[in-house]
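Peer 1: Starting from the known structure of chain A, arrange chain B on it as the hints suggest.
Taken in order, these protein sequences are the chains called A and B. Residue numbers for the first sequence follow the numbering used here, beginning at 1 and rising by one. Residue numbers for the second sequence follow the numbering used here, beginning at 1001 and rising by one.
For the record, the hints were derived by calculation from the structure and aren't laboratory data. Bear in mind that the values here come from a model prediction, so they are computed numbers and not experimental data. Possibly wrong hints are sitting among the right ones.
Unchecked claim - Below, in silico cross-link-like pairs of lysine to aspartate or glutamate (DMTMM-like), each with a Cα-Cα straight-line distance of 20 Å or less:
| hint | chain 1 | residue 1 | chain 2 | residue 2 |
| --- | --- | --- | --- | --- |
| 1 | B | Lys1698 | A | Glu113 |
| 2 | B | Lys1698 | A | Asp66 |
| 3 | B | Lys1552 | B | Asp1162 |
| 4 | B | Lys1632 | B | Asp1706 |
| 5 | B | Lys1361 | B | Asp1162 |
| 6 | B | Lys1632 | A | Asp110 |
| 7 | B | Lys1685 | A | Asp66 |
As a plain string of letters, each chain reads:
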Amino acid sequence: MEIVLSIGIGLFTASGVWLLLRPRTYQVIIGLALLSYAVNLFIFAMAGGGLRVDAPPILAPGGVGDPTAIADPIPQALVLTAIVIGFAMTALFLVVLLAARGRTGTDHVDGREPDR
Amino acid sequence: MPHDTLLLVALLLPFLGSLAAGFLPTHARNAAAVLAGSVAVAGMAITIWLYAMVAEGTPVQFWLSWLPMLGLDFTLRLDGLAWLFAMMIFGIGALVVLYARYYMSPEDPVPRFFSFLLAFMGSMIGIVLSGNLIQLVFFWELTSLFSFLLIGYWHHSASARDGARMALTVTGTGGLCLLVGVLLVGRIVGSYDIDQVLESRDLIVQSDLYVPALVLILLGAFTKSAQFPFHFWLPHAMAAPTPVSAYLHSATMVKAGIFLLMRLWPVMSGTDAWFYLVVPAGLVTLLLGAFIAIFQQDLKGLLAYSTISHLGLITLLLGLGSPLAAVAAIFHTLNHAIFKASLFMAAGIIDHETGTRDLRKLSGLYRYMPFTATLAMVAAAAMAGVPLLNGFISKEMFFAEAVADHTGSLLDDSLPYWATLAGVFSVTYSLRFILGVFFGPPPIDLPHRPHEPAHWMRFPIELLVLICLLIGIVPGLTVGPVLATAVNGLLDTTPPYYSLSLWHGFNLPLMMSLIAMAGGVVLYLGLRRYLESGIEGPPILRDFKGQRIFEKVLATLSWQWARAGESALGTRRLQPQMRIVISLAVVAALAPFLANGAVGTGDMPGTPLPPAFALLWLIGGACALGAAYQAKYHRFAALVLVGGAGLVTCLTFVWLSAPDLAVTQLLVEIVTTVLLLLGLRWLPKRIEEVYPTRPPLKVLLRRYVDITIACALGGVMAFLAYCLMTRPLTSSVSRFFVERAYSEGGGTNIINVILVDFRGFDTMGEIVVLCLAALTVFALLRRFRPAPESIRTPEQQRIQNAYDEASPDRSPGDTVADYMLIPRLIMHWLFPVIAVMAVYLFMRGHDLPGGGFAAGITLSIAFVVQYMASGARWVEDHLRVLPLRWMGLGLLTSCATGVGSWWFGYPFLTSHFQYVEVPFIGKMPAASALLFDLGVFALVVGATVLILIALAHQSLRSSRAAQVNEGGE
Chain A
1 MEIVLSIGIG LFTASGVWLL LRPRTYQVII GLALLSYAVN LFIFAMAGGG
51 LRVDAPPILA PGGVGDPTAI ADPIPQALVL TAIVIGFAMT ALFLVVLLAA
101 RGRTGTDHVD GREPDR
Chain B
1001 MPHDTLLLVA LLLPFLGSLA AGFLPTHARN AAAVLAGSVA VAGMAITIWL
1051 YAMVAEGTPV QFWLSWLPML GLDFTLRLDG LAWLFAMMIF GIGALVVLYA
1101 RYYMSPEDPV PRFFSFLLAF MGSMIGIVLS GNLIQLVFFW ELTSLFSFLL
1151 IGYWHHSASA RDGARMALTV TGTGGLCLLV GVLLVGRIVG SYDIDQVLES
1201 RDLIVQSDLY VPALVLILLG AFTKSAQFPF HFWLPHAMAA PTPVSAYLHS
1251 ATMVKAGIFL LMRLWPVMSG TDAWFYLVVP AGLVTLLLGA FIAIFQQDLK
1301 GLLAYSTISH LGLITLLLGL GSPLAAVAAI FHTLNHAIFK ASLFMAAGII
1351 DHETGTRDLR KLSGLYRYMP FTATLAMVAA AAMAGVPLLN GFISKEMFFA
1401 EAVADHTGSL LDDSLPYWAT LAGVFSVTYS LRFILGVFFG PPPIDLPHRP
1451 HEPAHWMRFP IELLVLICLL IGIVPGLTVG PVLATAVNGL LDTTPPYYSL
1501 SLWHGFNLPL MMSLIAMAGG VVLYLGLRRY LESGIEGPPI LRDFKGQRIF
1551 EKVLATLSWQ WARAGESALG TRRLQPQMRI VISLAVVAAL APFLANGAVG
1601 TGDMPGTPLP PAFALLWLIG GACALGAAYQ AKYHRFAALV LVGGAGLVTC
1651 LTFVWLSAPD LAVTQLLVEI VTTVLLLLGL RWLPKRIEEV YPTRPPLKVL
1701 LRRYVDITIA CALGGVMAFL AYCLMTRPLT SSVSRFFVER AYSEGGGTNI
1751 INVILVDFRG FDTMGEIVVL CLAALTVFAL LRRFRPAPES IRTPEQQRIQ
1801 NAYDEASPDR SPGDTVADYM LIPRLIMHWL FPVIAVMAVY LFMRGHDLPG
1851 GGFAAGITLS IAFVVQYMAS GARWVEDHLR VLPLRWMGLG LLTSCATGVG
1901 SWWFGYPFLT SHFQYVEVPF IGKMPAASAL LFDLGVFALV VGATVLILIA
1951 LAHQSLRSSR AAQVNEGGE
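So here's chain B without its partners, still in its complex pose:
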């Protein structure tokens, strides 16, 4: 397989694995672990395979045209830096999977856990492999989402939910800032491609937009990497299962921010703005994190704050802007990932085997789990920066960089002292971790009796600690080449000289290390009494809780302000809202006239008025007014009157050369009337005389206001309509359709050609809407509970049934059957007639008025007529009506027609037509659009029938329910 495809495979594997894990049975713990492990190992194998190419200095690239009109391509790019991160993501990922297999309880839905973990892994890989910035932000947001799911995995615990939500809110907000920042960079450079961005340092740094872009991008990176003041989400994310913490807070999630800083380091660093934004943030985070970590009583809390502190260290190094500092940053990122992952895993083992993570309860565990204890001690020593371990070397590099001169400012001059102080703190909390957990008197009242874990659960720690030692003792042989490759990937210039050896002679950094060690021990001894008192959190700072501020802000924004806004502006009553909306519509319609001066009517000659047309509209107007007047107390009359108004509309369409509209309007009118008739019986009885005397003033006033609004909008509409009708339309796309309907669409009925050919995609959207509406109706009616007083069978039916039951030779329903004998016969015989009519309308649709819509509704009327004639039971005994199938087939047919044109290399829904000779019928248009129209037809039949039948069935259902009720009484 070519190298570039391998990159795509490495990116897709975790996502595919995630999908597969999601489909595993709920308790398939081993299968899910094997799947996840194989994905991670395969990813790692691919990454290692590609090393040879990357080490030569040319990034491996995969390229796919994505949105060419926006200048966006989907690119994957693996250079040295990305390689190192990918290796961490896959490598530590594999170990975490192994560890999680033993950590997770068989009762938990473990496949879901691995599914989230793999998706998260894929998103991280996406970030480091992205070859353009937009793509990077996309994967960035994905990591936020999946980390939310991972942190909240134990969703029954409130702290997990809160922690997950906080992490998502903070990192998601940062992600939005990052997106804007990236858009600014894209605007400056003119491209989002990382290669191009990396070449445009001068352009970016000199741009006016540099500072805003920098601030926004840093906001993204700082929130993700838990830099002060956004660090507070990280300790709360500790509510996640420990494997998640081990993964997210060592090698991945928080390192995404670091990766971004490194990725953009060559083009954005080295300016004053960069220095003064990044260095203080890093420094404060470094010191604060380390200081708070000392005072944690929760084992994972200690590790969380130490993570924050180490992230601060890396950020600080990147902020310094010198290439050597960047080398140290990369190196420390790697080291931190290794020792922190092993420490989190050790903490998880302690939690798992003892049942608690509370440092006040834990002590003297060495005698119960000597092996784990030794491993954890080595890892903690690496964290403290003890010689012969990997943390020592990168810490020495950090001290050396702190001493070196950068800008000569006060901040720069004081750095060595701050660095040493941070070193002191880190020694103290590492000591606390080791001495507090493993030494001292044997623990009392632990939930479980502690013992060594299963061997394979400990294996990842063993491996990681071994790597710590190897890097610490022979750095040049082990990590040297990899680091050189990563540095090559990061820096655009020749890498600076650096030495990875253990011993550089007695120099200032070594002195600082020694001071830090001694100071750390002294500080630990000094603080011992305070720590043993069992108070949670450091003195003074304890009272400042980022979480509380965060929650306060959230509550204010999303609750208090929202409520205040709602109570000031909103109402739960519909009518006032409608009044406002409609009044605004009147104002909006009149505003342009008021602004630009009144525009009179046009000067087009009017069409002569036939008296019949005037009469027609006299009836139409009367119908509308009557319906408005009667809709409250005389629903049936109102329904008839609306039908009248509909017929007038229909006749107007006929009159004014719109036969297609007339056909459709007439058919829809029928269906709508049946529909409303079916609905009528479920509405409450309403008898006039709600107000026996005059209505109260409030009601009258309301009515006058409403009449005024209604008349105003009616007047506006009439006026606008008249103005529009009397002036010519200057230009329109109609000409296009009229001229090409036949030559390119193969039909003479322009309306139909527009619907199924030129604008086929719109029609497709429309039938989907119809489909959704029908399904919603269906779903709503499945849970339909009618009002109690509407449940009884209607009076007429009751009388008829009583009569039938009274006479011995009749059975219930006979009277209706007698009444309906002749209509039923006619209606039965109408079925084929209407069906043929539907086919006819469909066939001629392309050339003459008709088409899929009209035909579909016609056929559904044929069905409905059967229901009306013989009742639902009879119809369903004799006729299999499967509206859902009709709908599904219709949608599939239209989609398939659309996709079919891809087969011939044309865009979606391109149609082809020709005329064919059909026996007995003659020459017939056979456009592929006809097939599309067939889909429309089937879907309309299905949707209409589904709606009507679902409603009709309610009577059956509730009469059954009523019978049960009456029988029970």
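Same shape as in the complex, but just chain A:
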């Protein structure tokens, strides 16, 4: 599983970075979305104790948790925050790119068409 997940993360990253380097704002926003998936998964995969199947970090009521029996909660808490912030960032960026497009008349990241 680890090898598949890491290749997946790599693919997401590569696609995201490629799009990030493109000249059109929409490409960049899609690239950021892909890159944030990759980074979220990367952080998530850093859990102590490795990948766990069927061991969600939810305790039985009344008990004291056993850290070895369940998935590491910290990366999950971090990623949960990151997902929400990622949404805010996407929204903000989308609006900025729309405003820039309205103002400059182009959707190029530099605000003007390159000289060809």
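Peer 2: Same frame as chain A, but now just chain B:
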């Protein structure tokens, strides 16, 4: 009220007054003046009230624990020295307020002026009352800031702006030096407390850091007190309204530097380093200032340079290092404040009543304003050091100190001559002030016909001149006790013997005074012809302008070098910058491996791979690659593919035991997709075939480079991820959370407990970010102007509307309504279902996957679905959606929950929990964290809905605009 609290009141009063004045209506000149005057008088009353205690020799102290972990306390401390300065600040402040009431024009926004003035007054009081050095520096910087605002008060004039900026740059830079110097002193002594610092003279003087600390502190003091070579800002600050000059350059701003020198005098003076740094600076400033003052054509310019010269005199006295000289310095500080304030005010009256300050135009004013003229002449005589006036006594003390032996060096031996020369200069410029303005032929072509000012405008000068006379004639009775108290505050040893009487017999200082008087008159007569020629500035020195050097340095630093740096290193194009950033990230990630040798993968046993998981990621990878490939020409396809990649991520979370993440990811995925869909229509059409044939080589090359970078970073990430996943994490704080989630957080869902309880403060920051992002989106869209070609209604809608309009029994929009009939019904009915789902997710959040975030997004989806089904107009007719209220309430709720724990004596955001029995639902966790989560929930709903609705409304707005346009054509 206890004495120490009174100190705090004296410090806070001006700031509160400043705030209050700021809220007055723009032209409430009288109200603002009364407010400012009452503050100053109240401050003075408190200061006088405290005199009895201070005179006993024990400083009044106020103490408040501030940053105990750094050993910093907020302390106020009023000893004799601080008392004298506080008295000057409040007393002259009160007079300046009275004067300004008449000086300022009713057209100016006078409350703002008084607001700045009071804030400045408070900052000065802060400096003199500070009981620790860091606090002193803090108020020091505040004075720089507020003096900037005061000097630039007439911000429509370029010279005021330049003068203000120069003053701020110079004194602000000095303030930074002072901060470092003070930190060094704190390091030497081990404390910033002034009492402790004052006890550690040996420690400081013998330390290796003494000289650096001294130099830095002197830089601070010299820039503030306009000592050579930093004196050039002061004359430019004359662009300020005259009351500001009268205040800043007599009793306050420039005296802050002097105060600092005095404050640290007991522990830092008396060494060779001190002598050779302070005395030359003071001496050069004294002579240069006095010399340049003679040649000024601007009345305020003359006073400004004379101020510089007097500050030099005080600095020089402090530099000498003998207690007697320090006494003279304090005394002269007081005297200078009194006569210089009155002179500035007189200059302001002349300017006010004649319309000019130019000495070439002014003359013979005595016959028009005899009373003001007499007052100004007395004050100028005090400045020149004429007997029977206060300036005489302190000048005699200065001459006596100049004659006395200190180090026996050449500098020391020549001091009497320099002192006499400075005396000569000061007599000359005082004469010039008096004779040039008040005597001679009647003035011609003045802007106004001169006359006496309003009586109350002159009153402050009358009072100050009276004090000049009283101190000058009966010093022992008037200023004696106060001076003794101040000296007691300054010196740690028994004060030296000094006599404040007018007559000490025929001695050397008296001879020097006489020579200075005679020399001054002779010099004035000699220079008369030159001065009348109307040339601005002294011979030779005229060409050296501190301002020009300053501007040159600034231009070089902030313009030329910056531009050179930018053109050498920068680009305005985003893509090359991104390439550099990403390449650096690759290098930074690989560097540790290259440095420490390759680290292989770990040896943890791998998790068995189910084929479905591999298939899932096959799809995921294809989605990502497809999105990357299609994002340019097929935006919609790319959006769908990104959604696919998101779903794969979501399923991975489910698979790998992260139900909370999966829920949130899925919901955010929905919202993001809707958001991007809304944005799609505003983007330009792009049809493939930008390059009909093969793309040019440059473009191909760029693409290959980018693919290489992308693959490199992807490879690095994959490799790192694999390495991390195959090795155990040695230690982590997870154990803490897992073990205490239930016992201390009262929830079984560890993720939720971490978010709303253990790390509640982080979550709070996060929702604030979300809130800000939503507000920014909202604000940006209010001014949104779409590109012209996107304004028209989309084609499909146009066709539908045309069809509706063509048939008589249909109205526009009916076709869409028909199409959407069944989906709309379903979607309407979905609203309560989704809402209940949101509540459910919220309620179970503490124990099972869910929580405020997920619930908030769910509810916002319920809203968005309504918008999609029936259009914005219908929804807003039937449903009041007030996203800003939701956000505000959410933020307030979470803050209130956090603050609520203070009520019970716990730190911010401490949570409390218990289980309660709820009818029909059963046992439910009722932690205060739930309330916090409720805030999160409300804010997320508000923010998400606000973003989506703001974007959706653009279509409405611009279609209205398009209709207007089409109708007009």
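Peer 1: Hint by hint, which ones does this structure get wrong, listed from lowest number up?
Peer 2: 2, 5 and 7
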